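Residue numbers (the UniProt record's numbering), protein chains in the order written: chain A, 1 to 514; chain B, 1 to 266.
Since the hints were made in silico from the structure, they are not lab data.
Since we're looking at a predicted model, the values are computed, not measured.
Heads up, some of the hints might be wrong.
Ranges between beta-carbon positions, derived for each pair [what the hints assert, rightly or not]:
no., chain 1, residue 1, chain 2, residue 2, range
1, A, R177, B, G124, 31 to 37 angstroms
2, B, V122, A, R177, 27 to 33 angstroms
3, B, R153, A, E139, 56 to 62 angstroms
4, B, R2, A, W266, 55 to 61 angstroms
5, A, P446, B, G30, 31 to 37 angstroms
6, A, K443, B, D70, 25 to 31 angstroms
7, A, L423, B, E64, 38 to 44 angstroms
8, A, G34, B, N160, 24 to 30 angstroms
9, B, E64, A, P446, 34 to 40 angstroms
All C-beta atoms, glycine included, are put in the ideal place defined by N, C-alpha and C.
These are the residues of each chain, in order.
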Amino acid sequence: MSSTYLGMPALPVFGQGNLNAVESFPLAAKRELGNSQLRANLGHATHTIRDKRLRVVGELPDWEDLRNAGSATKQAVMARLPELLEQFEQNFTARGGIIHWARDAAEANEIVRDLIGEQGADEVVKVKSMATQEIGLNEYLEEQGIAAFETDLAELIVQLDHDKPSHILVPAIHKNRTQIRDIFLREMPGVDPELTDSPAKLAEAARSHLRRKFLSAKVAISGANFAIADAGTLAVVESEGNGRMCLTLPETLITVMGVEKLLPSWRDLEVFMQLLPRSSTGERMNPYTSLWTGVTEGDGPRNVHLVLLDNGRSAALADEMGRSALHCIRCSACMNVCPVYERTGGHAYGSTYPGPIGAILSPLMTGITSEENNSLPYASSLCGACYDACPVKINIPEILVHLRAEDVDSKRGTKKLPSQMDLLMKGASWAFSSGKHLGLLEKGLPLGRIAAGRKKKITKLPGIAGGWTRSRDVPAPPSESFRGWWAKDHRDPAAGAELPDSPNTDSTNTGEQA
Amino acid sequence: MRIALFATCIVDAMYPRTARATVAILERLGHEVVFPAGQACCGQMHVNSGYLPEAVPVVRNHIEAFESQDYDVAVAPSGSCVASVKHQHPMVARSCGDAALEARAEAVGAKTYELSALLTDVLGITDAAAQLGSWFPHNVTYHPSCHGMRLLRLGDRQLNLLQSVGGITVQPLPQADQCCGFGGTFSLKNADVSTAMLEDKTANIKATGAELCSGGDASCLLHIGGGLSREGSSVTTLHLADILASTRENPVSVTGDILVGGKVAR
Ligand code: SF4
Numbered sequence: 001m002s003s004t005y006l007g008m009p010a011l012p013v014f015g016q017g018n019l020n021a022v023e024s025f026p027l028a029a030k031r032e033l034g035n036s037q038l039r040a041n042l043g044h045a046t047h048t049i050r051d052k053r054l055r056v057v058g059e060l061p062d063w064e065d066l067r068n069a070g071s072a073t074k075q076a077v078m079a080r081l082p083e084l085l086e087q088f089e090q091n092f093t094a095r096g097g098i099i100h101w102a103r104d105a106a107e108a109n110e111i112v113r114d115l116i117g118e119q120g121a122d123e124v125v126k127v128k129s130m131a132t133q134e135i136g137l138n139e140y141l142e143e144q145g146i147a148a149f150e151t152d153l154a155e156l157i158v159q160l161d162h163d164k165p166s167h168i169l170v171p172a173i174h175k176n177r178t179q180i181r182d183i184f185l186r187e188m189p190g191v192d193p194e195l196t197d198s199p200a201k202l203a204e205a206a207r208s209h210l211r212r213k214f215l216s217a218k219v220a221i222s223g224a225n226f227a228i229a230d231a232g233t234l235a236v237v238e239s240e241g242n243g244r245m246c247l248t249l250p251e252t253l254i255t256v257m258g259v260e261k262l263l264p265s266w267r268d269l270e271v272f273m274q275l276l277p278r279s280s281t282g283e284r285m286n287p288y289t290s291l292w293t294g295v296t297e298g299d300g301p302r303n304v305h306l307v308l309l310d311n312g313r314s315a316a317l318a319d320e321m322g323r324s325a326l327h328c329i330r331c332s333a334c335m336n337v338c339p340v341y342e343r344t345g346g347h348a349y350g351s352t353y354p355g356p357i358g359a360i361l362s363p364l365m366t367g368i369t370s371e372e373n374n375s376l377p378y379a380s381s382l383c384g385a386c387y388d389a390c391p392v393k394i395n396i397p398e399i400l401v402h403l404r405a406e407d408v409d410s411k412r413g414t415k416k417l418p419s420q421m422d423l424l425m426k427g428a429s430w431a432f433s434s435g436k437h438l439g440l441l442e443k444g445l446p447l448g449r450i451a452a453g454r455k456k457k458i459t460k461l462p463g464i465a466g467g468w469t470r471s472r473d474v475p476a477p478p479s480e481s482f483r484g485w486w487a488k489d490h491r492d493p494a495a496g497a498e499l500p501d502s503p504n505t506d507s508t509n510t511g512e513q514a
Numbered sequence: 001m002r003i004a005l006f007a008t009c010i011v012d013a014m015y016p017r018t019a020r021a022t023v024a025i026l027e028r029l030g031h032e033v034v035f036p037a038g039q040a041c042c043g044q045m046h047v048n049s050g051y052l053p054e055a056v057p058v059v060r061n062h063i064e065a066f067e068s069q070d071y072d073v074a075v076a077p078s079g080s081c082v083a084s085v086k087h088q089h090p091m092v093a094r095s096c097g098d099a100a101l102e103a104r105a106e107a108v109g110a111k112t113y114e115l116s117a118l119l120t121d122v123l124g125i126t127d128a129a130a131q132l133g134s135w136f137p138h139n140v141t142y143h144p145s146c147h148g149m150r151l152l153r154l155g156d157r158q159l160n161l162l163q164s165v166g167g168i169t170v171q172p173l174p175q176a177d178q179c180c181g182f183g184g185t186f187s188l189k190n191a192d193v194s195t196a197m198l199e200d201k202t203a204n205i206k207a208t209g210a211e212l213c214s215g216g217d218a219s220c221l222l223h224i225g226g227g228l229s230r231e232g233s234s235v236t237t238l239h240l241a242d243i244l245a246s247t248r249e250n251p252v253s254v255t256g257d258i259l260v261g262g263k264v265a266r
């Protein structure tokens, strides 16, 4: 691989791999909503983490300053990413590491396969890595006859169950203890058939299963949370210590990392080591932080490789409004507070990246015209909880709206017939562009009253508005708008506004309650 | 003070009583209320749905309508519409490359207040019963809507005003800060998720034992009230302005067809 290529191709390449949804969000959401066990598991888990996060964040008097610092650092990194990548490469290489640049998922997968092949290995251990999920590395290696064993406990559970993670930090958030025991009994070779669902027993079973793997594997694959440019150092943050086993025991270590994970210097790490654990697991400090710089004589892996992955990141970077999505440190705080994620779970988002950040990151990396991913920016009520929670202050609601506009624009003039939404928006644009227009339309309010009938509510509307009346009534409109009343009754300011006792209805106000 | 009323499209067309209540409160305090006749809507629905070019005439209209009137401050009984005027209008003007319009949008936005913010921060109302004569002898709960809470940072302003109304009992709402699931066209595009969110909201409201749920955004109340009505609940929704406007002499009626969800028992 070339070491002169600076990671920024002339034309942004869109990402591939596990970034694309296979069905639109509303459809997938509908299916997931039907799974009441999932909803119960998720609701419980997100609320628990949410409360914990609020507690530990509340302990820090300078939390807002930390968020600002994190956000500013990331902004600075994005502004000079090519330069920092070059600096990192120099320092990493000088310490005996080898860098590989991968433009997309396919390139990255091939690089990793070749590196494993060079070691003559057909088995690797892995510590949780979003990047390898994103490029579908496990599936690819399996096709090539190489078995990849996840060592993060939750990741292991999901892998054994032939399932996909549904949360970036708690991949098995959608499973409970009994389900996990059943998976172990079914899929773990040599497991004690008397296994119970007590957490200690489950952890013990996983530990002995993993220990065998750690001791036999010649190659390990990891992700990285941060890369420090002026030192050439990589960092992985985890809570079980299995990652540390991967990073130190095997002969060969291959790290796959998105190009956006850079930090300029050691000093910057301090801010993120405070932001990340509190935002993600609600802990003051994470249990294991591993840092490594190239190869060290007589200690740790002999061959240290880093695959620097673009896979749509430069496309996201090219989007001025959307690029701050690359600031994401994958803490999962946004999904833990998201009312949409809480009810649908991660699978509804299709991509490796679920929840609010997934709803912007996936379409930014694949391009908004990518089939099905264009429904993701609408998977939000824009309540803003994600923006409040994000430790690096990514304005997710603003980017969602920006991507919606891109989606609408990309479809303009391409359809034979405008959609119902197009027509609604066009009509409303006319109605709302003048008080006269709206006043004219409001003359039709009595018609709505007739439609509402004696019950004084509308229970069924046609077309897309039918989505509303599937679960909600619409009240009968008043017989007169405020505008109409004002024009008649309030022209003389001296008249004053009476409190409307029965303003536009035949409601009875006898004043009895006084 | 001369105060311009921004009635918002939903209040104007569906809840005129809430706009009249807003006028009544301000006039009771001795202020002059004007209604810029050209106003229509803030355009939030267009922006949030991604229809920016369609939002431009709506935003331009709002700016022109409020510029054509002489006033000290503008007020709307809606957190989300005020947030749109303050935060989205300059962005929409920028999107069509009109720097002059952007500056005008900023100016109008800076003078626009959400009702509880105007009452609390500008007019110094801390005790609705004493200063406004508000009287509402009912058992209510309160839903703070997302945009008021997170975009305008209204904090406890609405709740404090509500609690200071004479005769009222305010029940705390479990998980109050959770979105009700309205989200404008989200409720149409993702109707199933929206419904799931609404069901949790109405369940929490019903669990308080309150007769009605109050709040500062007519659209959220329309959504929540519509859900309660469909569930056949006797609990209904009522805007904060209507409650503040209610007095002993002229109590607001809590029966009638502008409320969804049936009558409120006394
Ligand atoms: S977007 Fe922010 S809150 Fe969400 S995972 Fe990334 S850093 Fe965390």
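Status of the hints after comparison with the structure:
1. Separation of R177 of chain A from G124 of chain B is about 56 angstroms and departs from the stated range, judged on CB atoms against 31 to 37 angstroms.
2. A hinted range of 27 to 33 angstroms for the beta carbons of V122 of chain B and R177 of chain A is inconsistent with their spacing of about 55 angstroms.
3. For the pair R153 of chain B and E139 of chain A, the supplied restraint of 56 to 62 angstroms is violated, since their beta-carbon distance comes to about 46 angstroms.
4. Take R2 of chain B and W266 of chain A: their Cβ atoms lie about 59 angstroms apart, and the range 55 to 61 angstroms holds.
5. Separation of P446 of chain A from G30 of chain B is about 35 angstroms and conforms to the stated range, judged on CB atoms against 31 to 37 angstroms.
6. Range check, K443 of chain A to D70 of chain B: Cβ separation about 29 angstroms, and the 25 to 31 angstroms hint holds.
7. Between L423 of chain A and E64 of chain B the Cβ separation comes to about 26 angstroms, which falls outside the hinted range of 38 to 44 angstroms.
8. G34 of chain A and N160 of chain B have their C-beta atoms about 41 angstroms apart, which leaves the hinted 24 to 30 angstroms range violated.
9. Checking the proposed 34 to 40 angstroms range against E64 of chain B and P446 of chain A shows it is violated: the Cβ atoms sit about 30 angstroms from each other.
In terms of the numbered hints stated before, the structure departs from hints 1, 2, 3, 7, 8 and 9, listed from lowest to highest.
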